[in-house]
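Chain residues, written in single-letter form:
There are 4 protein chains.
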Amino acid sequence: MKKGLKIATIGGGSSYTPELIEGFIKCYDELPVSEIWLVDIEEGQEKLDIVGNLAKRMIKKSGLPIDVHLTLDRRAALKDADFVTTQLRVGLLDARAKDERIPLKYGVLGQETNGPGGLFKGLRTIPVILDICKDMEELCPDAWLINFTNPAGMVTEAVLRYANINKVVGLCNVPIGMERAVASLLDVEHARVRIDFAGLNHMVYGLDIYLDGVSVKDKVIEMVTDLDDNGLVKNIQGMEWEPEFLKALNVIPCYYHNYYYKSRETFEKVKQEAEAEGTRAEAVHQLEKDLFELYKDPNLDVKPPQLEKRGGAYYSDAAVRLISSIYNDKRDIQPVNTRNNGAIASIPNDSAVEISCIITKDGPKPIAIGDLPVAVRGLVQQIKSFERIAAEAAVTGDRNLAILALTIHPLVASDSLAKQMVDEMLEAHRRYLPQFFSE
Amino acid sequence: MKKGLKIATIGGGSSYTPELIEGFIKCYDELPVSEIWLVDIEEGQEKLDIVGNLAKRMIKKSGLPIDVHLTLDRRAALKDADFVTTQLRVGLLDARAKDERIPLKYGVLGQETNGPGGLFKGLRTIPVILDICKDMEELCPDAWLINFTNPAGMVTEAVLRYANINKVVGLCNVPIGMERAVASLLDVEHARVRIDFAGLNHMVYGLDIYLDGVSVKDKVIEMVTDLDDNGLVKNIQGMEWEPEFLKALNVIPCYYHNYYYKSRETFEKVKQEAEAEGTRAEAVHQLEKDLFELYKDPNLDVKPPQLEKRGGAYYSDAAVRLISSIYNDKRDIQPVNTRNNGAIASIPNDSAVEISCIITKDGPKPIAIGDLPVAVRGLVQQIKSFERIAAEAAVTGDRNLAILALTIHPLVASDSLAKQMVDEMLEAHRRYLPQFFSE
Amino acid sequence: MKKGLKIATIGGGSSYTPELIEGFIKCYDELPVSEIWLVDIEEGQEKLDIVGNLAKRMIKKSGLPIDVHLTLDRRAALKDADFVTTQLRVGLLDARAKDERIPLKYGVLGQETNGPGGLFKGLRTIPVILDICKDMEELCPDAWLINFTNPAGMVTEAVLRYANINKVVGLCNVPIGMERAVASLLDVEHARVRIDFAGLNHMVYGLDIYLDGVSVKDKVIEMVTDLDDNGLVKNIQGMEWEPEFLKALNVIPCYYHNYYYKSRETFEKVKQEAEAEGTRAEAVHQLEKDLFELYKDPNLDVKPPQLEKRGGAYYSDAAVRLISSIYNDKRDIQPVNTRNNGAIASIPNDSAVEISCIITKDGPKPIAIGDLPVAVRGLVQQIKSFERIAAEAAVTGDRNLAILALTIHPLVASDSLAKQMVDEMLEAHRRYLPQFFSE
Amino acid sequence: MKKGLKIATIGGGSSYTPELIEGFIKCYDELPVSEIWLVDIEEGQEKLDIVGNLAKRMIKKSGLPIDVHLTLDRRAALKDADFVTTQLRVGLLDARAKDERIPLKYGVLGQETNGPGGLFKGLRTIPVILDICKDMEELCPDAWLINFTNPAGMVTEAVLRYANINKVVGLCNVPIGMERAVASLLDVEHARVRIDFAGLNHMVYGLDIYLDGVSVKDKVIEMVTDLDDNGLVKNIQGMEWEPEFLKALNVIPCYYHNYYYKSRETFEKVKQEAEAEGTRAEAVHQLEKDLFELYKDPNLDVKPPQLEKRGGAYYSDAAVRLISSIYNDKRDIQPVNTRNNGAIASIPNDSAVEISCIITKDGPKPIAIGDLPVAVRGLVQQIKSFERIAAEAAVTGDRNLAILALTIHPLVASDSLAKQMVDEMLEAHRRYLPQFFSE
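Here the protein sequences come in this chain order: A, B, C and D.
Residues in the first sequence are numbered consecutively from -18, following my numbering.
Residues in the second sequence are numbered consecutively from -18, following my numbering.
Residues in the third sequence are numbered consecutively from -18, following my numbering.
Residues in the fourth sequence are numbered consecutively from -18, following my numbering.
Because the hints were derived from the structure by calculation, they are not lab data.
One or more hints might be untrue.
[Unchecked claim] Below, simulated EDC-like cross-link-like pairs (lysine to aspartate or glutamate); rule was C-alpha separation at most 16 Å, straight line:
hint	chain 1	residue 1	chain 2	residue 2
1	A	K342	C	D193
2	A	K311	C	D193
3	C	K37	C	D63
4	D	K400	C	E246
5	B	K198	D	D193
6	C	K342	A	D313
7	D	K277	D	E119
8	C	K198	A	D343
9	B	K311	D	E27
10	D	K7	D	D298
11	D	K79	D	D298
12	C	K41	C	D313
[Claimed, not checked] Distance ranges between label pairs, derived from CB positions:
hint	chain 1	residue 1	chain 2	residue 2	range
13	C	D10	B	F418	21 to 31 Å
14	C	M204	D	K200	20 to 30 Å
15	B	E170	D	K41	50 to 60 Å
16	C	S196	A	D61	19 to 29 Å
17	A	R142	C	A172	34 to 44 Å
18	C	N231	D	E246	28 to 38 Å
19	B	D193	D	D54	52 to 62 Å
20	C	A172	D	N147	48 to 58 Å
21	D	L167	B	F418	51 to 61 Å
22	B	K277	D	E11	34 to 44 Å
23	A	P122	C	D48	42 to 52 Å
24	D	D123	A	D331	30 to 40 Å
25	B	D10	D	K200	44 to 54 Å
[Said to hold, decoys possible] On the chain D side, residues computed to face chain C include the following (Cβ under 10 Å):
hint	residue
26	V109
27	K228
28	Y236
29	Y237
30	E246
31	K250
32	V251
33	V357
34	Q363
35	V403
Owing to the predicted nature of the structure, the values given are computational and were not obtained by experimental measurement.
Just so it is clear, CB atoms sit at the ideal spot from N, CA and C, and this is done for glycine as well.
Same shape as in the complex, but just chain A (with noise of 0.2 Å):
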């Protein structure tokens, strides 16, 4: 009999690990995780030292038999695997600063999971994903890929349509942040709040909001267009709507339609913010060598707080409430990215959405929700387009269509400017890029 469930981690190195492991250590009375197998490449074999180390350290306080193994051997990790999670940056964060500096050079969004940072980060990410596929398909065929691994919306339409894997899941924090910003507006416990939600990886809208199960959703957007006493818009952050477009809009859009919904103002922010304190990257650099620093410390035995500050809060409870919710077949409703299967009318049955699912043993099952309105529909699809031709160039290597995935971008928009960059950019990544450069 087998005695508990096997987590592989691929991408293990990682600086996230720690929120993993902190939430199986949770959760464990509901999810019997035997074993943790965190892997990695040679090039990040120091990291997932340091980091393999602050996990065991974490397990062995809390007393859990739960064994965690540090691996460079991925099929020896991915073998009879229950859930692999896939969480690696192929290039690493000097990769990521290309993909956030190169387009600002031309006058367009520098950011990893849209416009051509995104194109580029999905060109280098899905061979490494659907290799990882193939993998376990040999090796551990029931277990269910959860990947966490940005652009979370690309990567998982090209394993739905390349990979010849069922059971995927793409996760990602931005539904839940979304959930907890509505609760903390109207200042009560998140898990009394949810949000229907259907769109697309980073383009999801919330369709409705209940409290307690009753729609509070005209509440909600009379709120964040009120003006407070000094005149202002009472917004909450990062949804500084103009209060007639979102009452016109009648949905609640999410962070990242900033780059769609006030593109200019966007790009000019982003721009200032690389010319005065470098790129996210740059900044993400400096903040994981201090948390290394931190987790080198023979004495940590707990997820210290700084980590939340790296951007990935609340990843630890999706990722381990969506493990249990499948392992327990809890039926629950949670935002994951999953097969369309006729749940958005403008989306193809078989692409990837991110939206409100059942989660059962069997896996995510989408709740119709009929169309999405008029007003967001076209650049739904205009994205799900660029994932899709996105995708088909990842796998081909195909140039010409990198060139027209970027120019039907609405960041980029342009035939001439799409090329360009296509050609800096695939000669700056090109050593993780041979698919482009066989001959």
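Using the hints, position chains B, C and D against chain A.
Positioned in the frame of chain A, the structure of chains B, C and D alone reads:
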């Protein structure tokens, strides 16, 4: 017994009218027109007289038994009409100049059929067209409305959604121009070339191209992306796409796609032209002045060749060809704006699309194309959403909807800019937008 | 402040009422009902008194603070109700007997929820239900209508299309019965089995079957198609499908599919039973008589076990479980009749389907299933078309539509038979079909 | 340079061949055929010789430079063909007689294009047609396959799903017959009548009817449902629908709809005819014998008028008209069986439908109709499901699928009957169904 067809031309004082008159004269054998009623508003009385008298001289010269009536009484013109054509401009060229100028200040393209200019032309025009439809319901319920008025897609959408007449066709000369350009590239007669069109007005794609019925799309794409002896891409005018982009796109965009696939370059070009030579409205203003001077000449009894510079080339051909095919149940293929009826999967059945149709006495019947290529679906749907919300704003006078429409338009993509432009343009066009200013 | 929930039960004199009362008593902890209003029409006064007094004795025995009201004043009952349940029978069992008898003469199955019987039950019932909806709009606009009245699919369709209330759920005990049958086959507790249901009322399919969240559909199909030691197929009752058919179908039909997949055999069986023992209505008539004799006993203060033979087993469970899940925003999965909303691709979004839903305070949210298997789409759509046209006939009183509905019904498939049956049944039910007999 | 068109006619020994030859002679001016290859199998050698020699005499009399080749070598005939027509009958009339006789024993209609007969004709025919397609792929990849072989809908479906050629059109004379019947009813020339057809082969509906381009559907329905002086409905033959039904249906069914809308009456009629005069196959057998006697006459050099009784009236017209429109890129409207491509919403895009199309050199392009009327969607989809599952059974030789196909067919509707008939018919046709009998 009725002696022949009655045509009512709303906006009959337009400088284009001689085009139409020439068309009716040329086609008299198959299209027995007996009355042409040119209608205008009081403001346009002088132009109506000038162009109307030219029309009378043209008819007289032709020797055909057609009566030309000039009138300000729209209801008299509509009474028992067989075909109603609309070529009106609410606010005349002054309003157009504002549509073109104001957005430029905000760094946004100013153009009368797209973006902020298109929105405001629609807001001014749609109530007038719906008013005409109401009169038609009463005075000529069996007549066809042939709309040339821009933005033709948005206007057709509004008529389909908000009027009680079914017999409406929107017409544009862009598709016929594309066919002619391809014919010229292939150095063959226009009649030998046919293009499968699908999309929206000013956002139409050539899905396939046939020479004598045989697909030559690949050859055409090869030709336009090939390098000439000087190493330059052998484009045809208005189709200067990056070869990589066009090959991957694999359908033929139209001239107006420059706004979306070369957005920055087009903005810069339009801006520089506006600074150097004035906007298009301003150029047209001079052209029109010159044309009307010519039209005054009592010896002129033909369409003067100078009219071709005005921009509406082939309109006469397209319009009379359409009217004749309806009247004669010709069942030939023409690209027009009509109810989608399932022909394009990603557009609602009840929305207007620009698509190759069979033209029958019962109206245009769109040819099913399955769906648009993945790469273009999103953009087309986004513009369709813009048109729908704009049409609703035009009918309701809801400022929030106008701001929403502009925010989701790819040329704007900013709620703050949208709000500022809407507010400035509402004020600038106040006289023609009573629906937004009722208390 | 409101002290508790008010339930209005239309058709409260039904012999089923003790089921419902028992359910509310059992669930009082999570469903704080304070008033139950049992409503009936004058014709039903005596039964209402008998069953209503039993209900009062049951409540009294429970010691719970629930008031039971017996009334003929529907509007008083509806006023401020929280949930309205409908379990009415227009024309009582006499009408049912005609629905069952008349078709048999024409060689057509007589049954009260399908074919001619279902049509005429719908024609009699729909106007009454729509009338209740109008009262609800006025008197309790926030209440949920929980309809048990057959034909539940057609009635729900009619409410969705022709009433102005949105809060309606149709409920049937067939799905719960299927789960119980499978649980019994697998020899496990019901709670461990879950079936993904999709289709229409009395035409629902089990698309997949889970035991503790793991699919066991193949095993179940294997079990029910296997031969036992005597060489007989080991079916479960009502699932005696030919093994080859069931294996190729690969989903689980419901009991009522016998009418369509064993149409001739079922007709013969029903006909013989009618001849030998009388129709179901006639059998039920005796059962009811016996039940009401029992109910009269002033010492009886529990639901008598004889009620279970009546046919509505699990209705109490299903109904109270549904009401409690709505009230408590439980978000559990239950199969109900609700607006499709895109969950089943081949059924219109705005039609009623019977499908596994998440039950929230905001109502049922169907889980997207993509599409039904190819083999069943046509039949499901045909019955849906029958239901839609029947609902339209019920509302308009259009005899032609009634004949059309019956002609396209697979059990009839003859325009002449349809016409003859419609005419005979219109006459037979004339008293309850005023909409067909107005001049 | 190619001197003219090469036609390959598979099943060239058919008694229909003189029809086709006459058609090619009549249309030579617009369709310059230079070679006609009549192909048959060894079993058909004698008939091929007889009809082939008649064909040669017909051509000789015409004086046209067309070579007629008679051959058993299919590959030689296909080599470089421009059009391939298929009019074959696997198992000849003996097999047809079984298709018609066996079902009658089970109380089910026996007919060669519907129900059990249609299923088994499909099971025998589809593998042969797919084999021809494979040869075409190799020997004449640019040729069009014009299939007349029944069941034409199922065969076209199979080619679309399982063959690697795209250029296939299924052709039937039912629509043209409907147009002629309506023309005759209206007492006008056929050319003035046009019907908008949509549906499936042998299940096609006339959605609208035009006389000189103007809708006369209401008038036609009025005419055929009206009573004559004797109080009888003035139907046209094969359209004897109950007036109430037809008015509510509001589209025009075809002759074969009698099987579904008058199922019992039609079964009785066919059964009585079979008993009295023999089945259709048996009648045709005699007809064919007589025809071949006539054909043998060395002085006969025209199509004998007796051929018209054979049942394929207008096939020649329809076939040559179709081939000429493709060859000449005529872009006229013809009803054919082709890929749906979104034209009918409730049928999958990649399925075969029978629908009014524009016939171009690039093949038929269906005219979008939105969706079929609610009343007919279900039946059409059910027959489409039957065709799909039958085609899959034909390709895989899966007996379970054959039983499923027959169970869901509305004429059968019984899994036990389906199983019995499949088993008896598999045995009866064993020689032509090797795919079901391989070990």
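Item to check | Agreement of hint V357 (chain D) with chain C interface, Cβ distance less than 10 Å | outcome: The hint holds - V357 (chain D) has a Cβ within 10 Å of chain C, the shortest such distance being about 8 Å.
Next on the checklist: Is the interface hint satisfied for V109 (chain D)? The criterion is a beta-carbon contact with chain C at less than 10 Å.
Outcome noted: This hint is violated: V109 (chain D) lies away from chain C, its Cβ roughly 24 Å from the closest one there, beyond 10 Å.
Next on the checklist: Does D63 (chain C) sit within 16 Å of K37 (chain C), going by the straight-line distance between their CA atoms?
Outcome noted: Violated, at roughly 20 Å.
Checklist entry - Is the straight-line distance between the alpha-carbon of K400 (chain D) and that of E246 (chain C) 16 Å or less? => result Holds: K400 (chain D) and E246 (chain C) sit about 14 Å apart, inside 16 Å.
Checklist entry - Do the alpha carbons of K342 (chain C) and D313 (chain A) lie within 16 Å of each other, as the hint requires? => result Distance of about 15 Å is within 16 Å: holds.
Checklist entry - Taking 10 Å as the limit, does the beta-carbon of K228 (chain D) come near enough to a beta-carbon in chain C? => result Hint holds; K228 (chain D) Cβ to chain C Cβ min 5 Å, cut 10 Å.
Next on the checklist: Hint check: K311 (chain B) vs E27 (chain D), CA-CA at most 16 Å. Holds or violated?
Outcome noted: Given pair K311 (chain B), E27 (chain D) is violated - Cα atoms ~48 Å apart, limit 16 Å.
Item to check | Per-residue hint verdict: V251 (chain D), partner chain C, C-beta under 10 Å | outcome: For V251 (chain D), the interface hint is violated, since the closest Cβ of chain C sits about 14 Å away, which is over 10 Å.
Next on the checklist: Hint validation: Y237 (chain D) versus chain C, beta carbon distance must be below 10 Å. Holds or violated?
Outcome noted: Because about 13 Å separates Y237 (chain D) from the closest Cβ in chain C, which is outside the 10 Å limit, the hint is violated.
Next on the checklist: Quick check on a hinted range of 21 to 31 Å for D10 (chain C) and F418 (chain B), using CB atoms only.
Outcome noted: violated (59 Å)
Item to check | V403 (chain D) as an interface hint toward chain C, with CB separation required under 10 Å | outcome: OK, holds: V403 (chain D) within 10 Å of chain C, min 8 Å.
Item to check | Beta-carbon spacing of R142 (chain A) to A172 (chain C) - inside the hinted bounds 34 to 44 Å or not | outcome: With Cβ atoms ~38 Å apart, the hint holds.
In the structure shown, a violation is registered for the earlier hints numbered 3, 5, 7, 9, 11, 12, 13, 14, 15, 19, 22, 23, 25, 26, 28, 29, 31 and 32, in ascending order.
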